[in-house]
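Number of protein chains: 2
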Amino acid sequence: MILGELEKRVLQYLWETLEADAKQVHETLTKRQGGTLNTIQSTLDRLFKKDLLTRQKQGHAYYYRAKVGREELIAQLIQSVTGDFISEGEDSLIAAFSSISAGLDDEKFSQLETLIQRQRQRRSQEDTDANE
Amino acid sequence: MILGELEKRVLQYLWETLEADAKQVHETLTKRQGGTLNTIQSTLDRLFKKDLLTRQKQGHAYYYRAKVGREELIAQLIQSVTGDFISEGEDSLIAAFSSISAGLDDEKFSQLETLIQRQRQRRSQEDTDANE
DNA sequence: AGAAAAACCGATAGGCAATCGGTTTTTAGG
DNA sequence: CCTAAAAACCGATTGCCTATCGGTTTTTCT
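Here the protein sequences line up with chains A and B, keeping their order.
The first sequence runs 2 to 133 under this note's numbering.
The second sequence runs 2 to 133 under this note's numbering.
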């Protein structure tokens, strides 16, 4: 998946704002910089068709929301960009780690271990919840 | 950075073969599928201009080699695709982990921890080497 | 029903990969 | 050194996608 510059900015805006119609996005993002409402509308539409936004009519306009969170999108992007280079059975995160780790210091390693631990705890917590 | 389909295949080929000229790449990749030598030449040239290949004349043809390894390229691609969504001070691997971890099982976590350990050892080994 | 607002449609420009024909340059061999 | 072949180089075309926006149709609110 490829995202254009404007598409990225619109996404970022919707992560902050949760919900907005084309008019609002236009006001905030492109008005002073000189873009029409129409441009925003097609961008929102393109993002919608890419399944990155949801929309719903309220009053006389569509209100858009991000369908994927930032982290989820990052994950998607990583998958799509690395997919062609990763062989069957290989995992993209593992590959990503192998790729990036060369540029990391010990502190980052520790950070990562902490994240793993936290994720593990979250898992077991969810299991507990599910059995009650 | 964006890579086209053919560019990706050429890269993969050069990772296997180490060195090849346009003719060889053409023989292997596109001949039966119907593409001309010229197409391969411009693709190689594009990759060269993207600084992903090196080249050197031997006899009457350029011989190309991959300038970046697979893992390094994956790292670059991840950086470039996630860059716009990652704020100052945030690290792309950490972000990537946060993104992808939801889809991983315990085994993957262990794998990752093992990789971290291995990387740590490699580090200390390099330090030892450097001081001898 | 009528005015205003928004959605929708279609066209255009710009960028980039892929493709390939034709020309120029380089190289190897006589 | 001269020439034929090989490869590089140039330029044009196609196709795809984002960004852009004018104009038309549809929707909605009063």
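Any given hint could turn out to be false.
Keeping only pairs whose Cα atoms sit at most 35 Å apart, straight-line, the calculated DSBU-like set for lysine-lysine is [said to hold, decoys possible]:
1) A/Lys68 - B/Lys68
2) B/Lys24 - A/Lys9
3) A/Lys50 - B/Lys24
4) B/Lys50 - A/Lys50
5) A/Lys109 - B/Lys32
6) A/Lys50 - A/Lys68
7) B/Lys24 - A/Lys51
8) A/Lys109 - B/Lys50
9) A/Lys51 - B/Lys58
10) A/Lys32 - A/Lys68
Bear in mind the hints are in silico, worked out from the structure with no lab data behind them.
Run through the hints listed earlier and report the numbers of any the structure violates, in increasing order. Result: hints 1, 2, 3, 5, 7, 9 break, sorted rising.
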